[in-house]
Structure formats: C-alpha cells, structure tokens
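For the protein sequence lines, the chains are A and B, in the order given.
Under the working numbering, the very last position in the first sequence is 1098; numbers go up by exactly one each time.
Under the working numbering, the very last position in the second sequence is 472; numbers go up by exactly one each time.
It is possible that some hints are incorrect.
[Unchecked claim] Here are some, though not all, of the chain A residues that point toward chain B, as calculated from beta-carbon distances under 10 angstroms: (1) Gly-263; (2) Met-327; (3) Val-1095.
These aren't lab readings, by the way, just hints derived from the structure by calculation.
Backbone N, C-alpha and C define an ideal beta-carbon position, used for all residues, glycine too.
One-letter residues, chain by chain:
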Amino acid sequence: MKGWSKTLSLVTAMVLSSACISASHAQDDVAEATKLQFFEKQIRPLLVNHCHECHAGGEHKGGLLLTTREALLAGGDSGSAVVSGDPDASLLIDAVRYGDVYQMPPDGKLPERDIAALVQWVRWGAPWPATQSEEPAGENDESAKSSDDAWQFWAFQSPTDPPLPVVVDTAWPRSDLDRFVLAKLEDAGLHPAPAADRRTLIRRATFDLTGLPPTPEEIARFLADESPQAFSCLVDRLLASPRYGERWGRHWLDVARYADSNGLDENMAFANAYRYRDYVIESFNSDVPYDRFVREQIAGDLLPATDNVARLRQITATGFLSIGAKMLAEDDPVKMEMDIIDEKIDTLGRAFCGLTLGCARCHDHKFDPITTAEYYALAGIFKSTRTMENFKVVANWHELPLVTDALQAEIEAHQQELTASRAKYESRLNATMGALREEIVSHANEYLLAAWQLAGQADAISRLNDIDSSLDERFTVVEAERFTKGNVLINTTGYGAGIGVILNRGELPNVVEYKLAVAADDYYQLELRFAAAESRPVRIFVDGQLVNALAAVGVTGSWNPDTQRWSVGCVLPLGVGQHTIRLTRDGPFPHFDKLALVPVVEASSQNALMTSEQLAMSRGLHASVLRRWVETLKSDGNDNPWLAQLFAAIADGSEVATLNELAASSPAVAALLAEPRPRTPEDLADRFGQLLAEARRQSDARLNEAQRAIRRLVEDESGSLIPTSEIELFVSAEDARAIEALREDVARIERAKPKVPHAMAVEDGEPRNLKVNIRGNHLILGDEVRRGLPRVLAGETQPTIAPEQSGRLELAQWLTRADHPLTSRVMVNRVWRWHFGRGLVATTDNFGHLGAAPSHPLLLDWLAMQFVKSGWSIKDLHRTIMLSATYRMSSRFDAQAAEQDPRNTLLWRANRKRLEAESIRDSLLAVSGQLDEQMGGSLMGFKNHTYVTSTASRDTIDYTLPRRSVYLPVIRSALYSFYQAFDFAEPSVSNGNRSSTTIAPQALFMLNSELATQASRELAKRLLEEVANSDSERIRRVYELAYGRLPSEVESARVIAFLARYNDALRDDVPEEIERTQRVWEGLSRAILSTNEFVFVD
Amino acid sequence: MYMPKGWSRREMLRRCGAGFGSLALSALLAEQAAAETVGEDRGDHPLAPRAPHFTPRARRVIFLFMHGGPSQVDTFDPKPLLTRDHGKPLPFDKPRVVSSETGNLLRSPWKFQQHGQSGIPVSALFPRVSECVDDLCVINSMHCSNSRHGGALLELHTGSDTFVRPSMGSWIVYGLGTENQDLPGFVTICPTLTHGGMNNYSSAFLPAVYHGTPLGNASISAKDARIACIANKNLPRHLQRMELDFAQQLNRVELERTGPDDALESRINSFELAFRMQAAAPELQDISQETAATRQLYGVDDKTTGNFGRQCLMARRFAERGVRFVQVSHSYKWDQHSDLKKSHQRNATEVDKPIAGLLRDLKARGLLNDTLVLWGGEFGRTPVAQGNDGRDHNPHGFTMWMAGGGVKPGFRLGATDDYGYYAVEDKVHFHDLHATMLHLLGLDHLRLTYRYAGRDFRLTDVHGRIIDKIIA
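My request is simple: use the sequences and hints to build the entire structure.
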C-alpha cells in the first residue's frame, strides 16, 4: 500500500456515534448500528489491507471494485461478488476460502478468524454505512480522490530543480526566471510587453516594496542614474528602507490574521498583540530567513536562543498562535478549548502549507489526504500547548513576561532598594515601639484603673435595629451616599431595591465626610448601618478628633443588603450646631448604608457611657491600648479573672478576712495585697504598677512567682497589652510623621516597581493526547490518538514526539525541512502574488486538490528551489523577481493577447493593481506631507483584557493619527470603516489573497471622509507653500507627487482651465483671494486624489 | 456553483450603445474588479437583480431584531403549568451548559389572552401586536446552539458561532441582487458593535459588495443614524460635481491611454453612483413627507416609541424602494437577568406600537404580501428564575414570529415543553429558519453556494430544513 489509508479508528468511532444516536430511537437501529460497527472494525480493515491494492482506486482487476456495497453487489467480470445474506453463494467468500474459482488474497490465505468475520458480515446482508447523505454542501459534485491519487498530487511531491526551458527570443530574458515565463508565452504565440518606462518602474517598485509613492526627489535621483545597475540599486535601497518591513510585514499579518481584539463576542482588547506585529515588521526588515521565521512563530519558546534578546523575540513570535479570533464567552469550556485549537490548526495549515486542515475536524478531508485521526493527532500538540489562562466566561489568554537583561537588572536594583527601605522603616518602627512599650508599662497603674472603670459599665447598644421603622424625629439619619466629601463609589441601582451604599472605588485610603446638625446638647450614640463579609474596621473622627479607631469592626455575614445592620460607632456629647463626622480606612470600607445620631436619653449616669476613647483622651492614655487592658481585666475567656475580682473586692470595701482569703489564693494576689494593704482601686493600681516595674527590672531567672504572674499578664504574647498596629495613633506626632514618611518611602518604591511588558505567547503545557471528536462534536469521543503530524506535513516517516513534550518543536522543524513540498512553494507563491497581484497558484492559501493548478509549475519549483538555496532569504527572492524582465514589463494593452488570455495568466504584460487600503491611506498622508514615520508601539488606548466594543456600542478608537496604517489598531467585528470599505483582509481568517473590489462606499470615502478632506487641504497648502506663484509649476508638482509623472501640456492646460472655473464658481462665496486660492487648490487636490491614476499602479 | 446568468459587461456596453454616459445608466452600485480568485467570478455587475431559483413568495425581508433575548413565556408562549407550579423546582433536568445559576420556576407576571380569529395567545406585553395576530406566523419551537449573546447572535445572523461567515442579508443580496441601484441592497439600522458586531452584517468571504451597510450604530439614535460619509458638510453640491466632472475627465483620458480595463471603468461608475446615493439616502431618511397619520401609526413623535418607531418607518421606506434586506435593532435591551417585570415591560412598550404600525402600514400599502417580516431575539429566556425577578439565557426553546412574505397568517407552529424550557414539537433551528427564509425568497439553500478556500459554502452549512408547515 502506498500513501495513506483511512484511519479505521475514526471510522469506527463515527459508526459508534451513529449507534449512540440511534440507540434512543429503536431497538432495531441498535442492531443495525452494531452491524455497521462490526463492518468498520472487522471488515473494512480487511478489505483495505488485503483487497484494495487490486480492487480500489484506479485498480479494479477483474473489473471488480471493493470500495462500496453497490460495487460489491454489482461485482466484476465473474459476476456479483456478494449475494446479500448468503455467504455460500458469494464469490467473495468462495475466494477467501481459497475455493475453486479464485484464491484471494493471492499472497496468502486469510486467518480463519477473518474469514469467519466476512461470512458473518455477508450473512447479515453486507451492511455498509451510508455516508452520502451527510456530505457537506457542494462537495457532492467532486468525487473524493482515492488515497493513491491524493498522494500523487503535485503539491505533495517535493520540488526538484527543473531544466531551464529553451526559448526562441534569447534577447529578452534578463534572468533564468524570464525563460520560464517566455517559454510559455512563446508556446501560446504571445509576446511580452515592452519594458516599462523608468517613471512607471520606480513607482511600481516603490509601491511594491514600501507601500508608498516615490517622492519627486527619489524619482529624479533614479532618472539621473544612467548606470546599468540603476534599477538594482533602487531595489536595494527600497529593501533597506524601514518602510519595507511595514509593507511586507503587513502582508504577512494578513496571513497571520493579525488583530488587536478577540472579535466574535465580547471583544476584549489584545493590548499586547502589537508586539507580535512589531516582531513581524522587524523580521522582514532584517530579512530573517523564512524557515527560521516559521519555526519561531510555531515554537519560538522551544528553540535554542543565542541570547536573551533572541529568546524574548522568539517568545513574542509565538503570538502567531495566540492572536486568533476566539469566542471568549462560551459557556462550554471544552468547546471553547477545541474551537481555539481548531482556529490554530486551520490558520497554521493555510498560512504555511496552503492546506485546509480544519476540514478534517469533522470528517476525513474530502479532497486532500488528511484524516480526522491525523487532525486530532495534531490537535493534541496544541492541547499540550498553553494558550489560555482559563476557559471561564470571559476567558483570559496566556501571556509571558518579556524581561530584558536591562530590565532584569532594574528589577534587581529595585528589589534591593525596596529591601533597604523596608529595613529602615522597620528599625525606626521597632525603636518607637520599644519606647512606647516602656511608656505603657510605666503608666500601667493608670491603664489598669481606667480599665477597671470601663469594665464595669455596660457596652453601648444600638437602638436602631429595633425601632428602624419608626424613627424618632430627634434622630438624625443620613444616607451613606449623601456625603459632603469622599472618594468612594456610590451604588444606588445595582445593590438592591431602595438601598444605596458606598463602596470602594479603588482609591485608598477610603474617606468620607458628613455634616450633621444637632438640635440639642446631649449625649449621642453615633450609629452606623453596614454589611460586611469580612472585618473592615474604620476610624471615626468627630470634629477632627479620633473617637474610635475600630468602629464597624464586625462581620455581618455578607456584602448583601439583607445582612445590613446597625452598630454603635461611638458615644459622645455633642453641642447644638453642625458637626463633622469623618470615616476613614486604609483599606476598602464595609458597605455603609446609613449613619445616625441617636440621643442617649436614658443615660442616668453620663459617665457610665464614657467610651474608652473619651476616657483615654481625658487621661492622656491610648484608647486602643486601654481597650486591651479592659479585655485583659475582664478576661472573659479566662477561667479565673483574678485581677478583676481583686478590684471588685477592694472597691466593695470587703472584710479583712475576705481579703486575706483572697491573698492566700496566689502569690501574685498576696503581693498585691501586701501591707500597707491597698484601700482603694487607685491604691491597688499603684501597687500593680510598682510590682510590674520591679518585675521588669528583675532578670527572668530571679523572678519570684508573683512577679512572673504579673509580667505574664502584661507581656504574654497572646494577651499583649502593647499595640502592634496603627502605631501612629500611639506615638508622638513627630514619631508618627517620621514613621509615616518611611512607610511612604516603602510604598513609593513599591509603586515604582519596574513594569514588565508581556507578550501574547504560548508555552508547553501538560502533554496530553486527544480523543477523536466524532463529527467534530466534543461530547462524542472516539479513540485516543497519539500526538503527531499529519503525513501531508511530515511525510512518510516522522519524528516521534517525546511523551513529555507537546510536539510543537517537531512540527516546526518538519515544516521547514528544505525538501518540504509545501512550505517553500507556498511562500514563494505568496511573494509572487504580492508582487504581481495574482499567484502562480491563484489560490494562494489552498494548494490542495481544490486549489488552482499552477500556471507555471516549473517556475514555481524553480523559485522554491532558489529560495531554499538562498537560505530562505525573502529579500533575495524579491531581487530574483524584480530584476527580471518579467517584472519590468509595461502594462501595455494588447488586443490579441487579451482575447487569448484575458486574465493575463501567462504574463504577457504587467498587471495594473489598485492600491490596498493601507497604501491608499498612507499615500494620502504622504503626498499631503502629513505622514508620521515613527515605527512600532501601540495606538490602542485600551487596557489589556478590557472591552473594546462595549455593549454601549461606542467606537472609541482614534484612527486619525497620521501614523502608517500598519500601526492602526485592527479591531475585529468593528473594523476601521476605511479598512472595511477598501477590502482590508477579514482579520479573523488567514488570507494571503485580498480581493480588490470597487464599491460605492469607497467613492463616498474619497468624496466625503475627513481623511480625504484633510489630505486635500494639506496637499493644497503644501503646493501653495512649496511652489511660489507659478500655477504650472504647482501642477507639475502635484502630478509628480500624486502620479509620479509630469503632466503633458494638454493636461496642464486642462488643469488651468479647471482652476479658473472653480475660482469663478467660488468668487461670490469666498471673496477673500488668499482663502479662495486655498479652496481652489483644495478642489483640485481632491479631484486628483480621487482619480484612478492615484490609486492604481501600472 | 450557483451563477445566475447576467449580461457580460461588454455585452451590456454594446446594448446600451456604449459610451460612458450610458454606462452610468447601468447604475451599478459596485463591481468586482478583475476576479482574483478562482471560481468567484460571477459576472460584471454583482448587484443587478437576478432571477431566483424558483418563483418567490417574498421579495424582501425586514428583520426586527430584539437584541438580548426576549422571554418566550412572557410574550407568545403561555404555560399554565408554569403559573401553577410557580416556586417549585423544574421537574426535569436543566441543560448541561448554562450561562448562570438559576432557581425554581418563575411564573409570568403578565396575563395571556387569545386574540383574533386565529386565537393565538399573546401576553399583555404586546397589546397592539396582538391586534395583528391574524397576520402572524408564530414559531414557538425555535432553538439554537449557543447560550451566550455573542455566539447566539452570530449563529442567528450568519449560521455559525465558530467561524466568520457571511450574514443572511449578504447571502440574500448575493442570491437576488438588489432592485434599487441607487441604494445598498442590505441595510442595517443602528446595529450593535458588540456580540460579533460587524460580523453580524458582514459579507465575510463573499465579495465586499454584499456587505451590509450600517446606518449609525446602537449608541446613536435613529434620528442621527446615517450611512458613513454620505455627505460632505464643507462642500456644496455644485462644487463637488465640478470636482467630480474633472476627475472623471482625467479618468477617461487615462482609460484611453490604458486600453480597456474593467477595474478602471468600474471605479468611474462607482463615483457616479456614490454621487447619486448622496441624494437618494437623505431623501429616504427624511420622513417629513410622511403624513401625521403615519407618524402616529408608528409612534414616531412619542418619547417612548419614537426611536424604534422611526427605525420601523425607515425600514418600510427602504423596503418600498427595493432594498432587499433591512434589519432594525432594538439594541441589547432584552437581557433581563434581573428586573424582568420592569424592563420587559419597558422594552415591549417601546416596540409594540411601532411593530404593529409597521405591519398595518405594509399591509395597507400592499407590501406585506411580498415582504417577509421576522421578529425575534438571539435566544429566549428560562422559565426558571434567576434571582427573584429575572430569567437566564435559554437557547433551547423560544419564540420568533414571521409575517407576510408567503408564510401562513394566523398560524402557530411547534411547542415547548409544559414549562417552556425546551422546544419539543416541530423544532426549528436557526439553520431551518435560514433555509425557509431563502425558500420564501425563491432561493434553494442547497444551491445558493459560494466557493471559498476550496469549498462551496452555504448559509446553512451542512444543515437546514425548510419548514413546509408554515408556508402558505
């Protein structure tokens, strides 16, 4: 067997799938499906392996074909091969049994098992799956090629050096290339057109290589160069121009279906796609050998790199695999992934090989030798390649950091600076903390006393939770969103009916301020209504005074409105008038709904409702520290709050006996109650302070038990009374400022972290084989297929892919073999197409059976061979083509040739080509003197992964910058309207063969667009400024700028007449002459820029 | 490959007595230049009207697109069991792939009532459309394959949620050409730029001449929606004409120099056409000539119905002038994951009167017979609740309706299950809808093909059944 054969597992799988589908309908179908499955598993392989060599394809020995059931029943020369249901009467069975008439297969009898299978199958009536009804549209008219034919196809044979054709007119060819062209013309009895004049030639070459018109100065230089190398020098100059990469890079970007957004659905910004674009431009400019260019785009990350610069360049190159159109909002993640893989395979096939590999996703390729199994073998390579971060809705794609050596050094320097600044900050902080600790210890008595007072009073309780519905008029309630100052987001619509809240907008610290009026002097509870899924304590300042550093500290359960509840922020006396309430938090706020001031009417003892803040303030203590002392004193969690008991006993004036009893309970209490025995809580607190001071002076080893207990109470890590956070609340303003400044330094340095650019790029992921998706359906799976390359890409033998690798590297290497039948041919044909407007193979992206046959097959092979020999140099290829006589022909019309070869397939003249969208725009900018030649970078103005076309449908991209068109963003599904009108390649599909249509919107654009208007205005200005006072000189100038030639006298006279007419028509409306002159020349400019000659190149 | 016969350019030139003046009369909107790709050359004037495959029932389409996905169980598909079992769990499985978490059954807040001779039920959301119910052909059994807006929009408009494919309007104009050579053949008024955006009206690989022409976009009010570059504010018409005459003179001189060249000639024509379009389009958009009664009929002057009313009125004016496919979009409003009650009510109020107005007006003018009106969104909504006042996307069963253009009036096809989740009877996929639309236009969806990248493509890909039951 030659070539490929159908992969049986796939077919089996297809049958299995139909079995699955049928199963739900009827029992009979199941049986039928089983029979078909049997056929696929047992019978078809037999027929293929043992019979088809002589009874399939072109071969049908004895007139017998064994490729369809019909053929089998019809039989061959000896009559029907199979009698349905009757094995013994079937010639086929007789033959495999090595009966009297035939003994088949001739090279040896089949095993009994196989013969039995055939017998069984015939007994069942020789069931054979019918696939005809499932044929895709329009493919019925083409018969599928047999496998052998498929492999014989020219495009799958490696090119060989063709003999140079013999030509009659030996004077015409300038190069071997011309002999191939001329030989064909001579065969057809046609003659090449005469050479183009030099002005035509420089215009053609300049547009071809740079996409821009030649300047009058360039033309003059070329005309003045009379050496035989003049044109060759011109080509070299153009190839060396950076404009070359912009032009030819853009050609490649069509093939790479380059765009700056994902298109299709939610349309997110590919803000880093442009790096791939710049890579392409740069690669063309530096003439990266094409084979390397291909390898870099498929497996740049896996190729060895000479240095880090090369490594980053190669990573960026793999953007080719990543920038495709994707449906990022697809609820089925498996489908999303398979679609993304498919998009890659389809693009890869078209771009590098001119093959429609994507067809094999659902069925064996109808015309080219690519099986579905091979498709999934290839798909496995991309399944093992990481392109996406996730497959969520909306999904995110994978990107890789681009860290240059310089950037790495910068990152390291930054890290050092950060470490140093942190160390400085921490050491200052620790020093301050130490001092603070000492200070607290030295005031231990005061803290203890105050804590004792506070511990005895009830906590303030929110009054609003119970009486929310009947708010007292004395209550001042304000909606959180009605703040007078603040930096938070107000949400009144999305949160819940009737609830407006404030949320973090992203700017920290969160701050809001309210002005609340108080009608009567009183004590008030400030209450806050909020919801919080996590604790987010805020600080409350009233009239500039911090009154609570830990308000709204609680967790209500969620962020949802149903958990909103009131809590007391603080209790404080307020006088009549306006008060400023300020809430701040370094991090995001909880979700505040309302604030309220509620008079504390039942406060019999105002003192009893003193908050820790108030008490601390009045005694010069730290409120937060004080709160901890309160907790320690209460020791609710502790079994034995002995200190509190002791205070209670002293305060109650307990009996001596009771106190003695207490003193016996522990050495610490004994020490505290030692004579002179404390009489009041103040005494007790002082005693505690003395003992603590003594205990801290003592070394650990020499502590007695009482001292140890007292020290533990204060210093124990878990119950530490020393604050560790919000340190600036406890220290002097000076210290706070110093610490704050150091912390600011740290934050500033953190913010100055060097930005790491990222590229849309791929890398190897977990290596995985795929199962065949039956008929492309990811829910119906067939056999697993090992990762591998389709034979059409890799040939008969292919490298084995190591289990731990994706196989991308192998794919890249095998595609760029010197003798690969497609890679070199496809590319030289692309280059030919972009020069001549039509490929030697007209279907540049399809070299398969349904593609067009090459018009000059030998020339195609010759070019491919030259290309590979030159080291895959694209610039050499340009020289080979452009220095030929073929390229330099004029576009002269020849009626006889036109009759005979209307499409100029044989190249009897140069093709007249309309400029592509980018060249039209760039030319408008260039001739009007506006073109900005700055290269590279992004003009997107969108953050990565944000919506480019929002649901509000606003088109916000600015296309008016006078940069070259190649740098304008390409937004899928919302393409720049100019591009839309002028046949820009659909950026979701690989396309090396843009069409060139003529539609009215193009004319509307030239007549009315801002771009055309601006160009006319600027061109007029330029003419009036550059050429003083001579209309005829100006006319010469505009002709040379726009058309690359000078006007004839007749033409000049026509223009002058037009200018006069236009001037007359304007006279009444524009009496001012200078302005009128500008308008007249503007009118002429617009007319000139609208003409065919401006947008067509001969 | 389908290729209706047209005159060749040369032949036409001969018949017209040659000369460029008469060439302009041929009124070609656009032309494909020297065909570059094999098998794609279909003659010289790709927009000339061409004969359909068989006698058509409809000559044009107006598609009223409800972007976001209107709820079937709140509009045209009443479900008594849904009302009865409100708050209970769905008694069968939800789909494998869903777009959001949903809860239990949610009854419709709107009452349904049977209307007209046909007795087709319509909810209280569409009081005026319900008066036209005897003209409607309601399909309750629509389904599609994608549960997200982007995918479903593309599927609805192009038949594919995976590839960039020509939109239905493009296919139709490709198949039939257009009747008015001063206007585009396929117009879309205020289309969305998101969810596939332009791809929903693009010609993809069909020649650019079949690309839909947008008037504004969804962020622009119908009043201000214009064809791109249709006017030049800074240049009076007579001066523009003078410039154009001069440019055309230069073009003709050049043509004499070059010898015959189709591409150059086409471009000369395209400028003449563009110049005429500049006059034709504003005239068409100027509705000041419409009577007060007509304006009232469409609700053009009402704040709520004004915008969509104007779109519908423009659609009629386009249809009248021979535009083949007109789409009007009620843009991205119907996506009620929450706030169903208020927002569906508002949406329906915005479109109810204009739609009824359009149907009555078309009928009165005798246009409804051969104009196919299509109403619907990219999918429907779940009968189960999302939150407590919302419904999730539901591509598995929903309603679209047609009117005029050869469909059975006062007819109801197919059904969803008892709760309105899945289409179960006479299921109609978008592919089937496309096949049927083409059929009504006289086109065989199997034969309307275009060869691209080595394969013949169809609007219906490898799918599509004609829904015989709805054809009158």
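Ascending list of hint numbers which this structure does not respect
none
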